[in-house]
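Engineer: Okay, here's what each chain looks like letter by letter:
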Amino acid sequence: ILNVEQSPQSLHVQEGDSTNFTCSFPSSNFYALHWYRWETAKSPEALFVMTLNGDEKKKGRISATLNTKEGYSYLYIKGSQPEDSATYLCAFKRGTGFQKLVFGTGTRLLVSP
Amino acid sequence: NAGVTQTPKFRVLKTGQSMTLLCAQDMNHEYMYWYRQDPGMGLRLIHYSVGEGTTAKGEVPDGYNVSRLKKQNFLLGLESAAPSQTSVYFCASTSGGGQAFFGQGTRLTVV
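First to last, the sequence lines map onto chains A and B. With this note's numbering applied, the first sequence closes on residue 113, and no number is skipped along the way. With this note's numbering applied, the second sequence closes on residue 224, and no number is skipped along the way.
Hints are supplied without guarantee of correctness; some may be wrong.
[Unchecked claim] If you want a taste of the chain B side facing chain A, the calculated C-beta under 10 Å gives, among others:
#	residue
1	123
2	144
3	148
4	153
5	157
6	158
7	212
8	218
[Stated by the list, open to error] Derived DSBU-like pairs (lysine-lysine); straight-line CA-CA distance at most 30 Å:
#	chain 1	residue 1	chain 2	residue 2
9	B	184	A	42
10	A	58	A	42
11	B	170	B	122
12	A	42	A	69
13	A	69	B	170
14	A	42	B	127
15	A	42	B	170
16	A	42	B	183
17	A	78	A	57
18	A	58	A	69
19	A	42	A	57
20	A	69	A	59
21	B	170	B	127
22	A	78	A	58
23	A	42	B	122
24	B	183	B	170
25	A	78	A	42
26	A	69	A	57
What the hints contain is simulated information worked out from the structure, not anything from laboratory work. Small disclaimer: the values here were computed from a predicted structure and weren't measured. Heads up, the beta-carbon is just placed ideally off N, CA and C, and yes, glycines get one too.
Whole structure, please, built from the sequences with the hints as guidance.
Structural biologist: In structure tokens:
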């Protein structure tokens, strides 16, 4: 069983706060690490796909880093806005055998005005 | 551009009934996945496929079967539905290590 863990489970911040979440995954046989944004009553949508150790990706106020040697990734949101409220999922893909995509349980972010 | 389409969107079953959920993708993706979403548990992998004619078990396969007879379609079957299978089901597809594209979900209630 692949363990993909995310923390914190939930987070409540004020508009304008910056925040970050953690995703931990197995450090062996790494292939890819994904981040998704999942709004209530919708389907998850991809934010980043990261494949190289040390990768840093950015999309607007959201950025992510990757450390494959120690098995973690951080997602940062700068200056949170109410529209950032969503569940943020990470997903790990192993590089050997059948390449299943395994998700963490997510971090639920609520941004209050 | 349809992407990933799931049918049906909603279904209510009685315990013991059977049904099939259909997932269709038009992106020529090799990999397809079925997940279930339950409160506080994120997305749990039921079964997946790495290509036409191949399927494999995920984390929670019991009570489900799948088939991938055509590359674009991935079917999820419940032979004898149980209340524990009440959930929201998501299908997704990817090409290699690329991002997953999701269907809109199927809300299944087993009474």
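Engineer: Please list, smallest to largest, the hint numbers that this structure does not respect.
Structural biologist: 1 and 12
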